[in-house]
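Protein chains: 2
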Amino acid sequence: MILAPERMAPLEPLRIGIDTRQELIIYLHADCPVCRSEGFSALSRVLVSSNGQHIIATLNIVTGDLVSSGQIGLSEPAWKRLALKPDAHIRVSHPAPVQSLSYVRAKVFGHALDQQQLQSIIEDIVDGRYADVHVAAFITACGADNLSLQEITALTRAMIQAGDTLDWELPMVIDKHCVGGLPGNRTSPIVVSILTACGLTVPKTSSRAITSPAGTADTMEVLTNVCLNRGQMKDIVTRVGGCLAWGGSVRLSPADDLLIQVERALDIDSEGQLVASVLSKKIAAGATHVLIDIPVGPSAKVRSRASADKLADTFRQVAAELGLSIRLLCTDGSQPIGCGIGPALEALDVLAVLQSKPEAPLDLRNRACLVAGAMLEMADVTAPGLGEAMAREKLESGEAWDKFQAICMAQGGLKRPPVAPYRYNLTARDAGIVSAIDNRLLSKIAKLAGAPVDPAAGVHIPVKLGDRIEPNEILLSIHAESSGELNYAVGYLEQHINVVQLQPLSEPGP
Amino acid sequence: MILAPERMAPLEPLRIGIDTRQELIIYLHADCPVCRSEGFSALSRVLVSSNGQHIIATLNIVTGDLVSSGQIGLSEPAWKRLALKPDAHIRVSHPAPVQSLSYVRAKVFGHALDQQQLQSIIEDIVDGRYADVHVAAFITACGADNLSLQEITALTRAMIQAGDTLDWELPMVIDKHCVGGLPGNRTSPIVVSILTACGLTVPKTSSRAITSPAGTADTMEVLTNVCLNRGQMKDIVTRVGGCLAWGGSVRLSPADDLLIQVERALDIDSEGQLVASVLSKKIAAGATHVLIDIPVGPSAKVRSRASADKLADTFRQVAAELGLSIRLLCTDGSQPIGCGIGPALEALDVLAVLQSKPEAPLDLRNRACLVAGAMLEMADVTAPGLGEAMAREKLESGEAWDKFQAICMAQGGLKRPPVAPYRYNLTARDAGIVSAIDNRLLSKIAKLAGAPVDPAAGVHIPVKLGDRIEPNEILLSIHAESSGELNYAVGYLEQHINVVQLQPLSEPGP
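Which chain is which? The protein sequence lines are F and L, in order.
So the first sequence is numbered by our numbering: it starts at 5 and just counts up by one.
So the second sequence is numbered by our numbering: it starts at 5 and just counts up by one.
Careful: at least some of the hints might be erroneous.
Facing chain F, a subset of chain L residues (Cβ under 7 Å, in silico) [as the list claims (entries may be wrong)]:
no. : residue
1   : Asp23
2   : Gly43
3   : Val112
4   : Ala141
5   : Lys451
Honestly, the hints are just simulated from the structure, not real lab data.
Glycine included, every Cβ here is placed at the ideal spot set by N, Cα and C.
Let the hints inform the model, and build the full structure from the sequences given.
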């Protein structure tokens, strides 16, 4: 029930500039009358109302002078959601119970959830009616293999419907996704250029980095403008056949972004949530055909072929339910792709491949052609088995490079990637053969160096597994925009020198 | 791993007086160098170090001027845990992964947890290494009937060992607990007086209200001093045979208090957690014999006889594992016990029963004698079937009242309960028979009136189920210490007038 808060004097809003991510938090003084009359205490869930607008927020009690007893402090997300006028008056009372939480409880008790129940859970999460602990309970209840195929499908539908969707009014919109964990695997800009050069329409929306040193949107941003609205995207795609935009400017599957925050904190794997997360984003973006790249390797996200197959199978079945054409590609995730890790360094690899420069990293070129080839075959542009060759030809002929430039020009011009002023080179003491490269440590070092916030920062790693290394040869270079960040990354590297492992030449190789 | 934060300049601590309950939260400015070098963002878990002291806290990013880029703001729990000196310097870095979280994940995947695993989970929770979302995941994973008897027993042991324990060096220490949900059911002070009058040693520690309008400690506090340390308790118990102290002054099963905060927010029932919570508190308090009172009724915590039996069964088996003598008593929870709801109003009922006043509420007297009788039989003070009569006799003879006064004198003197200046009477419009009383609504009204913070506030309800009511007869009175709180409770009552339901005389009774 909602109490009539009119009995209480209204509170004066105060924007205190605290970013509490998705959780809406308000700050009331311990002496605030409403705390006593409502029996509110720290962590109470409260209904915050301001002329017609309502949010449910979590209460923090202030004992200092941050707010007075007549004021209400609002965290940034709470402030933005209420969209307050400067002279707004706020009333605080007890919220009505959130009905969908009873479905979360039902799931905890092992009951299956139907479309409507998952729908209202996702809607309540998107509307901010869940505290982080409630989201955590939902994720935990759906963790492990606790979701059936029917539930994963229903969850995916619910996540799509809770946000915006793009409709390209085209018979086929093809897209790709890589199940993360592989540094430098920046094939999308190359793949989009190849596919559009083959006459396909590829309206690509990408995300920024969440836990990695760079997302495709971060990399593209050093080359051109990626913040496009629907109208601009539509116009560009109609003119040049494709785009490489940031998905964040449209609200595609917003629940996913909220769930990911808490999933990261909990680190509870859930195949069902992963599949729903990926497919909801792609379908909301208007894709009809999707290729999923699953890199498999000891330090990649998916570590064994068996779990890759299991994951692929779930993707296939759910996609079929949703009428999405899908193809799964298990790729080698044993080492980074390309030499650059970080927005600008990855952009330089992309440009080198598109321009067929001699120094272009061969593995990135090959991976891009492999992926593009599979997608060309999916799209029936060419017969099975001929896709990869067709992709290579589009690169060699320069048609892909032309398309890429056309896309960047349409998005606002092609920029030169920034270069980092600070460097540190890790060199080999003795000769040897590269026997192992740790993807996770590389990503970590690139992030400590400042990526993706500092676009020029990151790691350049010119060596590959099996390479023969001479003494004093460079194994990797750290790039940074400030000496402090360089020192910090170097300090971490010194503690984790095994990021690149060499097999002495004397010993026999493995 | 823990990074060497010495590379960064230390931060100046700032106590900003925000009560975030058990979750340790720190506030850093978005421009703080460590945020960029460590790649910290809102909700990151961070290691906060100050000369030898460490805590793991959750990060909130500040965009306003709450803290400068050289400062670190600490919430009240974080500030207290670090016990900072005024000129302390603070460094922030990445925490080592919390090992026991992998056990929580294992539980999510359906694996049973052993003693050592539950031990380290509980220790980490007590040491503040879990964010609320982690605690929520643990509670959810253990929700429903997901804990085996072995796990509940191990969890109880772990919760006991994570805190202090009291040892009375006595062959028998008898205690009682009521599985909440019944307003006014304040039998403990009467039961303790009866038992000590029968020569038993009863060192009673009670809790304050968590969600109810009054806990035994709140009620006793209007009559005497309840904040006793171990030494005082021991001295008093040796001299007069018993005490009625607040358990909070000793750290009994601290994990329980932390779990309860999040359990309340999630409202996920877990029989296992309930049993571990109650038994860990009692065993830590040094009890060897415990009686559990389970009120059963439509608006009580336990709503059916069947679920009461199931719960009782779990209590019995776990208690047996832990070598605790236990007796379960299922009692009538269909209406409040006594007339008073709220610290002072309940204290007046208690005094009336102990003094055998004519206006003493008969149901409270009977319930106290029922419970005390069962405990006398448990303790072999009297033969089975004779306990209740013996309890009545101790009340009638005035020996229980003498003991109660002796205990209060020993604890610092017997005080007169305060009286609320503001009243509102709900009267019956027409004649009728009382057909239903809603416990939850009564508790809610008493809390809105100010209980337990305002000791004199609460509800006085003189009527019982089946009573014949005449027009204009008082059904209940709201007591408050301020007119604002009185109005607030009245406003709520007007919206929930069905708190007391009357059957018109014309119609036949149910």
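Tested hints:
1. Asp23: holds, 4 Å
2. Gly43: Where the cut-off is 7 Å and the nearest Cβ of chain F is about 4 Å from Gly43(L), the hint holds.
3. Val112: Val112(L) check passes; min Cβ-Cβ to chain F is 4 Å, inside 7 Å.
4. Ala141: holds, 4 Å
5. Lys451: Since the shortest Cβ distance to chain F is 4 Å, the answer is holds.
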